[in-house]
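K.L.:
Protein chains in written order, with the working numbering: chain F, 597 to 916; chain U, 597 to 916; chain B, 597 to 916; chain Y, 597 to 916; chain A, 597 to 916; chain X, 597 to 916.
Accuracy of the hints is not assured; some may be wrong.
[What the hints assert, rightly or not] Within a straight-line C-alpha distance of at most 27 Å, the following computed BS3-like cross-link-like pairs (lysine-lysine) qualify:
# : chain 1 : residue 1 : chain 2 : residue 2
1 : Y       : K840      : Y       : K701
2 : Y       : K840      : X       : K852
3 : X       : K701      : A       : K880
[Claimed, not checked] Simulated DEER-style distance windows between Cβ atoms:
# : chain 1 : residue 1 : chain 2 : residue 2 : range
4 : A       : L716      : B       : A670      : 43 to 51 Å
5 : Y       : S632      : B       : E625      : 29 to 37 Å
6 : F       : R635      : B       : S724      : 32 to 40 Å
7 : B       : G853      : X       : N613      : 39 to 47 Å
No lab work stands behind these hints: they were computed from the structure. C-beta: ideal position from N, C-alpha, C; glycine also.
Protein chains: 6
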Amino acid sequence: MSDEATVSAHLLSAQPNWDLDRVVAGLREARDTWRSAQRRGRDFGGRELPSRSALNEIAAALCGALFPMRLGPADLRQESEDFYVGHTLDAALNSLLAQVRLELKYAAREAPSSPTELELRAVEIVRSFASLLPAVRRLLDTDVTAAFNGDPAARTVDEVLLCYPGVLAVIHHRLAHQLYRLGVPLIARIVSEIAHSETGIDIHPGATIGESFFIDHGTGVVIGETAVIGNRVRLYQAVTLGAKRFEQDADGNLLKGAPRHPVVEDDVVIYAGATILGRITIGKGSSIGGNIWLTRSVPPGSHVTQANTRQEVINDGAGI
Amino acid sequence: MSDEATVSAHLLSAQPNWDLDRVVAGLREARDTWRSAQRRGRDFGGRELPSRSALNEIAAALCGALFPMRLGPADLRQESEDFYVGHTLDAALNSLLAQVRLELKYAAREAPSSPTELELRAVEIVRSFASLLPAVRRLLDTDVTAAFNGDPAARTVDEVLLCYPGVLAVIHHRLAHQLYRLGVPLIARIVSEIAHSETGIDIHPGATIGESFFIDHGTGVVIGETAVIGNRVRLYQAVTLGAKRFEQDADGNLLKGAPRHPVVEDDVVIYAGATILGRITIGKGSSIGGNIWLTRSVPPGSHVTQANTRQEVINDGAGI
Amino acid sequence: MSDEATVSAHLLSAQPNWDLDRVVAGLREARDTWRSAQRRGRDFGGRELPSRSALNEIAAALCGALFPMRLGPADLRQESEDFYVGHTLDAALNSLLAQVRLELKYAAREAPSSPTELELRAVEIVRSFASLLPAVRRLLDTDVTAAFNGDPAARTVDEVLLCYPGVLAVIHHRLAHQLYRLGVPLIARIVSEIAHSETGIDIHPGATIGESFFIDHGTGVVIGETAVIGNRVRLYQAVTLGAKRFEQDADGNLLKGAPRHPVVEDDVVIYAGATILGRITIGKGSSIGGNIWLTRSVPPGSHVTQANTRQEVINDGAGI
Amino acid sequence: MSDEATVSAHLLSAQPNWDLDRVVAGLREARDTWRSAQRRGRDFGGRELPSRSALNEIAAALCGALFPMRLGPADLRQESEDFYVGHTLDAALNSLLAQVRLELKYAAREAPSSPTELELRAVEIVRSFASLLPAVRRLLDTDVTAAFNGDPAARTVDEVLLCYPGVLAVIHHRLAHQLYRLGVPLIARIVSEIAHSETGIDIHPGATIGESFFIDHGTGVVIGETAVIGNRVRLYQAVTLGAKRFEQDADGNLLKGAPRHPVVEDDVVIYAGATILGRITIGKGSSIGGNIWLTRSVPPGSHVTQANTRQEVINDGAGI
Amino acid sequence: MSDEATVSAHLLSAQPNWDLDRVVAGLREARDTWRSAQRRGRDFGGRELPSRSALNEIAAALCGALFPMRLGPADLRQESEDFYVGHTLDAALNSLLAQVRLELKYAAREAPSSPTELELRAVEIVRSFASLLPAVRRLLDTDVTAAFNGDPAARTVDEVLLCYPGVLAVIHHRLAHQLYRLGVPLIARIVSEIAHSETGIDIHPGATIGESFFIDHGTGVVIGETAVIGNRVRLYQAVTLGAKRFEQDADGNLLKGAPRHPVVEDDVVIYAGATILGRITIGKGSSIGGNIWLTRSVPPGSHVTQANTRQEVINDGAGI
Amino acid sequence: MSDEATVSAHLLSAQPNWDLDRVVAGLREARDTWRSAQRRGRDFGGRELPSRSALNEIAAALCGALFPMRLGPADLRQESEDFYVGHTLDAALNSLLAQVRLELKYAAREAPSSPTELELRAVEIVRSFASLLPAVRRLLDTDVTAAFNGDPAARTVDEVLLCYPGVLAVIHHRLAHQLYRLGVPLIARIVSEIAHSETGIDIHPGATIGESFFIDHGTGVVIGETAVIGNRVRLYQAVTLGAKRFEQDADGNLLKGAPRHPVVEDDVVIYAGATILGRITIGKGSSIGGNIWLTRSVPPGSHVTQANTRQEVINDGAGI
């Protein structure tokens, strides 16, 4: 055999060596550096956090329980609708309870509670959440109707429920918002991000949204934590309801927590690409044109459009 | 044991109670409210609709059958390419037939047909769809070539097929468009939304698109139901080909169905973020600049750019 | 039985016929047309390419190995962190080796190498990649800190790591960038597209990005292949760092390869929807306002905002 | 490169060829030979048969519905027991309906029926089966109690239900027997074989078995189609209740259908390895010793043991 | 449409009705009857029991940790053997801890303990079990060697480990026996039954078995709870080491718990189908012939064979 | 909080410690002991062996390819039978090639070959195996017919193919036997054990079996490596065709390799539980009764039954 062939044969039968011990040690050191920078002992790091994959399954189950004949299993029949709803809810709520325990324990690292207190709160949160589900369904029905009425391409309410990413995002938001209100903001955020990843629509679970809400197409929509949206509001893709830039404290750190996103009153329509920033108010019945950049309040009934985006149109026939 | 410990022990061994009977009843009432508002009897709601997860598998199988060595199984060899294509198609078409039956039955709730008629139509739709696949593949080859030619970062046509979300979206669109034309618009829409969720590119299955079509990056692109796109057209991310706002009938309801999206002629390029609205025509060989907001037709060979977006540049050195 | 019933019975028991032989032959002909146009023999097409689903698993495993207690398995305990990291890395690196072999073989179709050379290079690439992981983790820690400091809505660094799509995209980018540098650009691109599909953030693996990088919300962000980004840079959703249009050679073909995307220096903030095109430089400490369209360099410390987007506000009370 | 290395390189990069076309053709010819020998046209062979994997899931679901807290999901709570049972039954019965349709269609190849008749019968079979389930559960409770009482190693009735293969086999038998009685013997047989494969206990679904039946250990037990077993019978491993050999008709063919297996009356115990053949009767309260070979009836109260299996015991100390 | 066709159409579109409410109620009543017969309140039934599917995964993981290069993942390399073993053990032990908690809680329904006591015991059981694993591996190595030496068909020790059901059964037994000794007999029994189902070999976890133990073929072997087996013992298929029948107490109930299975001393061979019953002793170095039925002790060095099973050989040429 | 509660709280929040480092080290030492006893260096142990789970999938795929309409996918239609067969075979043969490579490499540790030789042999083995499949199918058709003709309970040939474990075992045997003959005995053995585990029928892949072979019920059947079985032979459950005991060489080791199992000529029937040992011949057309223990040859046409197993029948009425 030639040298080449010998080397080749050796290579093909031998196992490569990754110098794993050194890589593993390097990663451990990097973690230790981080943990000491974060002032976290060994003990701290061991606490578990809520799991995205578990919440993925919980969210899917809740969608099925809310709309059993549309988002439930393909072979569901009306005769057993309640059986399905009850069984699915039970499994989802038990699983949610486990996630809530994890978040409460995690939060308790700074405000210690007894295990009993944590357990009582966890059960109470899940029980309250469960009791809110019928109201959430009724609210979502107004959203579905709004989507059907708001899009000329929609043929039936069922198509809306099956196909529209905006509806999917709103279902997740309405669930996430209740979780946020009940005191598990991290779980709420993960539920929101599940929809964000699926639809490109980023609604912070803290946002307050009225009935009959519709987002068409939706990719790129961003709605911030302290935004307040009224009833019968319609948004198109790439609309931002954001915070103004440069909100810093005396030390130059970004300020956390205060109301900093827009208030959008009832019956407002905001077209694609509009960017609305800061704690301003869009008055009732206003419409905001596409690509508008708005940082001050407008009174009820306003129609905001770009006054004179002069465009240069050159026709040199080059493309013909 | 202390009181605390007793409560704790009790909590840990007992099962929480979710008051499920009440929640299930509440959800049933909410459904009943909705169904009576929709004038749907018990019977109606029981009909099944096409399933997104089934169509997900069908779409993936069709992608594999169209591009076996690139989107088919990793271990496929050319010797058995036809076997793979034939077997995969057969399974996908049988599964599609089941979905088509569901949509036809659903549609028949308003225009009743005999089971025989429905079955004959369902089989005919799937058979026609199958016969169109070779033409779809040839069309897609023009798209792949256009992508390769249109992006300086593209190294090979294979990279384009494996990595480019724009290509993935166009494959799904070309399949969905045939389904739309053959009379199963709900299935078509679900296929489109599968790609929308994966790529952030939202092409309504009704849109008509010529050969050698390329969308680069793609996130945020929206193409409406009645849009008509010529040959060799190139779009960038966040381009909207939408309907104008406020198309209402005498009663204030949005009008459904009529042509309301742009016609884009051959050899047009539309840059990132451009918004083109209404039944206008972008003439052959035109280019539309980034972020342009366009609501009126432009003749062939036009180059539209923002004339004078004056920008304020302040240099206070604050960031240094 | 009536005729109708007879037909129905026949339909229900018979199997539909898809004329599969003809469809399969049509697809084969289409493939042959394509392959001869691409000057690919039978032999060529048979070569395998890297697999997205394999790289999906590899990327997820690497995320777990980098952040074991946050992105690793839910039940991981600190006692066995190193065991998990070592085992996960080993499986991921072996799997990556198989993918690297495929890309090198594919690339070798134009620059033939001996199997021995290919194998030596493949092993070397994976070994180098492994050795870089601790440094990647340290870099990512600066990104996580930047995200926490840069968003008023972020409660903890853990929330940032679990929920922020921008962080997910950056983790994938930092891995993909090393693979790109080590000579497997197709694998690198697939890893980037995994994150693009999940987050709507499209970072080409070739882009060079400094420490403490943060993208907020992120949907619609596009960062091109030759972009260079300094330290402590912050981007918002829908920011484009792209190439200028019309870069063609003498024959009208798009030019491939040369530096064509922006250089963004340290401490720059770029707000939502800004589009920055061409090989220009954004000087240190600058801020670029939302929706800005920028195609020329700005010096350090610049603040670019839209000077006078005059807006027409009509208040006719129609919406009230 | 040496010749050896060249060949090696070639081998490693080329794909082996399996001469698939010839193998596929060979298999088709073998199928055609078989089908023409069976006088089956193309049409016949296309009919589907019940699916083992579908019945596997159905059987598992029915076990869960019968014993929800023991064989149902791990996290089931009593509060939602009925929800689980109802939902699980509904899905299992719908799935069973599909399987029953297949068997009825298959059976109808020799005794044609209209689709309507087949459908009516299929629905009737499943409905009857469902209505029998509470009685099946009550019967199984007697079996569980018998197992607990009959085995000194059994600690609790729960252990018996969770661990004893004999109990698993009897659950499957009692379900299969009802299906056999209702007219779907092929489905019944598949359900029996699922348990046979799991436990090594082979009970033909046609066998009639009274209450409080217990099989201990069980591997190798065979109970024939026409066997009749009374109440409170106990069997051990490797017991055969079989047909006598050589039951042929005038032409030397084995006779099918007639009663040919034993009748075992109430309160009989049959020990490991006993073989009981033919349409004989084991009288009430008898016990049959291990390894006994019995081909004639015994009256009530008999105790059958091997009279004098003389054994040669040689002690040559060889093993010490 | 004819009547027939009308009925058919109705059948095909309508959903069958299973009268589920009645079936569910019937099953609930059956459960209630059982529970009140077992004197179990609602509360009792709600307690969970160890899960077979969880233990299935645990057992498979432990097999991998014991024999990483043979029963671990296909792509494992020696470089990362310890990483794999550590990570796999950690996950398996955590999962086992959850199962142990369930069994201890279940057992505590009759002998109540505080949650703290239960938790301490559960952790102690799992920790002890973990510490015994190296010794279990050493013992199993003697079994593998015995299998290789004892079967003329065995080519290598690796074949024995990969293929022999007897070896699989012994691995499970040695794990189950430790669990049995440590106080979780239900978990132990489920682990044993996993192997029983897979191999047809039924070894009660209570049985005590010395080193270098080999079962060839194995189907039908039964080894009882109180059996004691010495070193270097070899069994063939269908051997029973059972209890004598009729061990009843004064009230006619079967006695539970006392030693009732054979003691088999070192270096004994027992051939296929032999049945050995009761608390007898098979002396060191003995061999027991096939199909022997033995209910009394034999001294060391005995060779037991069937003395004179006279057989009738009729040669009527009928079969020729 | 009380002490008890304090401990409890601590327990519930802390993670248990398994002293993993020590357990992992203990297991490593046990492996090292074994490896040095086996004279295996680090290098040796790293070689991979064929994988049972991979062979499981290969065997299932081959069953489908042999009997597409019965063991293939539920929705297969005759129109695409060949597509399915070709695609399934291709994937199964590719996967088999990988397994064959592993066994050849493993075998080559004692008789080193060049990588080229190994690859050539591996491809040749798989190609030969593929070419034999049509003949295997024809042989299996005789087995299916024999099963149908041999069992009074069999209704159709389809039932036999779907339900009979004896048929499943023979399919696996006929595949395994070809693999054994082609020089991959370890793979062959694993395929046999897959069927053994499923059916309780243990046929060594080395056994030679003629056409029209039927095993009824089957649990406990053992057929040894060098057994030779003629045409039209029928076996019942628990029949052993084994080796005689005590075949040792001069050093007391068991002899490996030589013919040591029975020759069973054409048209023989062997009833349940019969044990036939050693290299004896059962003459053409003989029948061997149940439970017979036979260690010497019988001439053609023999009928062997137990002459006078005297049984003691005591009727004391105790059971009544």
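K.L.:
Next, verify each hint and record whether it holds.
P.N.:
A quick look at each hint next to the structure:
At roughly 34 Å between alpha-carbon atoms, K840 (chain Y) and K701 (chain Y) are farther apart than 27 Å, so this suggested pair is violated. Distance check on the hinted pair: K840 (chain Y) and K852 (chain X) sit about 39 Å apart at the alpha-carbon level, beyond 27 Å; violated. A hinted pair counts as satisfied when its Cα atoms are at most 27 Å apart, and K701 (chain X) with K880 (chain A) does not qualify at roughly 43 Å. Range check, L716 (chain A) to A670 (chain B): Cβ separation about 24 Å, and the 43 to 51 Å hint is violated.
Under the hint 29 to 37 Å, the C-beta atoms of S632 (chain Y) and E625 (chain B), about 34 Å apart, fit the expected range. Our hint of 32 to 40 Å for R635 (chain F) and S724 (chain B) holds, since their Cβ atoms are close to 34 Å apart. In this structure the supplied range 39 to 47 Å is violated for G853 (chain B) paired with N613 (chain X), their Cβ-Cβ distance being about 56 Å.
Of the numbered hints stated above, those contradicted by the structure are hints 1, 2, 3, 4, 7, listed in ascending order.
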